[in-house]
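Produce the complete structure using the sequences and hints provided.
Residue-level listing of the chains:
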Amino acid sequence: MGLENYKFHKEHTWVKISGKSTKVKVGITDYAQEQLGDIVYIELPEVDTHVDAGSEMAEIESTKTSSPVIAPVSGIVVQINEELIDHPELINEDPYGKGWIAVIEMDNPDELDDLMDYDEYEAYIEEERE
Amino acid sequence: MKLIVIGGGPAGYVAALTAKRAGAEVTLIEKDELGGTCLNKGCIPTKTIIHYLETFNKLKELKHGTDKPNLDITPNFSELMKKKDYVVETQRKGLYMLLKQSGVKIIKDEAELINPKTVLLKNSSEKITADNIIIATGSRPAELPMLSFDGKQILSSDDLWSMKEIPKSITIVGAGAIGCEFAWIFHLLGSKVTLIELMPRVLPMEDEEISKTLERAFKKRKIEFYTGVKIEELKKTDEAVEILLSNSKKISSEVVLVSVGRAYNTEFLKSSEIKLGKKGEILVDEYLKTNLEGVYAVGDVNGKWLLAHVAYKEGEIAAKNILGEKEIMDYTIILSTIFTALEVSSVGLRENGALQKGIAIKKGTFPYRAIGKAHAIGEIDGIIKVLAEKDTDVIIGAHIIGAKASEIIHELALAIKLKAKAKDVAELIHSHPTLSEGIKEACADIYGEAIHKI
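If you're matching them up, the sequences are chains A and B in order.
Residues 1 to 130 (the numbering used here) make up the first sequence, in order.
Residues 1001 to 1454 (the numbering used here) make up the second sequence, in order.
You can take every hint at face value.
Partner residues are not named here, just some residues of chain A that face chain B (Cβ under 8 Å, in silico):
#	residue
1	Y41
2	E43
3	T63
4	K64
5	T65
6	S66
If you're looking for bench data, these hints aren't it; they were derived computationally from the structure.
The beta carbon of each residue, even a glycine, is placed where N, CA and C say it ideally should be.
Structure below.
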């Protein structure tokens, strides 16, 4: 699947880990974007703000609903995907790639151990689908 | 019974008509144009302009169902102003006819209150007397010491109407109703707009969720705004006004609009002993009577609610009381409406207002994006929020932001007046497809029964 470097939070967000870096990219999962439908707007977090794992870090509006984006890890937002301001549909089109939301400098990389790997997440959403 | 009404705005002309129809001999004095701020510089001109600009904008944003998507329509400022003038003039003529045919005597002059029974007409130097006097002289834009109006670079909302061209950029000081409406107008005209507000959010007098939704609407449209900020420095150059904010942000714009409130028109009172409040407003009792026998004050000038529809009611009540009734002006159900990037309308208690009063509440909300009609008309941004008293389910507040908010809210205002329960509204079959269905759903949501809520 090419998602070996990804870890998943039960609130349908992901973290992309690159090597030993404490900076991680985060976004929402394919399942989440599918549930939301056509995304029309995202309220991005502000750079330099702190986010807590399990709490709201952004909000997405789709044509159907609006929904908070839950931070998968705690840390400081060091970068945001500004392309989403004019093209929020990138989240629908490429949720694991061009649709990334922010880069977080993690407070505690151990938090990654609390997240699921792809197979676990797949099993988890199977359960949720039922 | 002889009555003099000073001021021909919404409060004054309704007072004049009410008293005349009840048999009084009425003289209305107006120094400027009939219709007051509302008709000449406020509600009607802004709504005319907003209607045209929003129509153009809709065509610009229209992507589907046409061979010419994203139609490029540029507003022509002088044409817009012509249309606005035409609308205002038509209304003014209608008002003049209405007063004339009712038999109200209209005098165009400036009044000065000499004593509770006498008014001096300044231009003709004539003194006229009456048994009662109703003061309805209104308000004007308030000035800030650091930002005194110069008519060129630092403008009041009145000055905007004599503008000849669309400014490239405008800074708007104060994000209340007036500031937010003009932010929207200038954004649609193509100006670069920056809105600044001392309080922590835009529309600080509205419910917090409403402010939050509006702030997002501004962000989506790239209307820049800064809240919780003060102006530290202001410098005028030939080309621009430069402002330094307390958050260190520097803003430079061609003009600045100051919309920080209203000042009361009471200069004409000069020698009279009428009592004024701290802000310069004329103090009145619950019957709208001042401390002077036979003298009443209605509309903006009494400082209660600066809204035309409240002024209408006050004019009516003061006139009735002069003619022998004893009616109390009831302010418990006042609708407020703001026409900005999204329409905002509210009535009754806000969520934090209920908290402050110690009233336990239940809350129901429903988003526009879950309403079919909202999708059909391409207006899916917005929220309907209904508050009910926890123990009784009686509706005590309603807050709507979104298309046609100002029209659809009346159902909830009536519900509050009739002390209806949220269930009463939720159980009423609402017509489909309408935006009002969202009101039914928001009321049902109080019971967790909104059918279309995700």
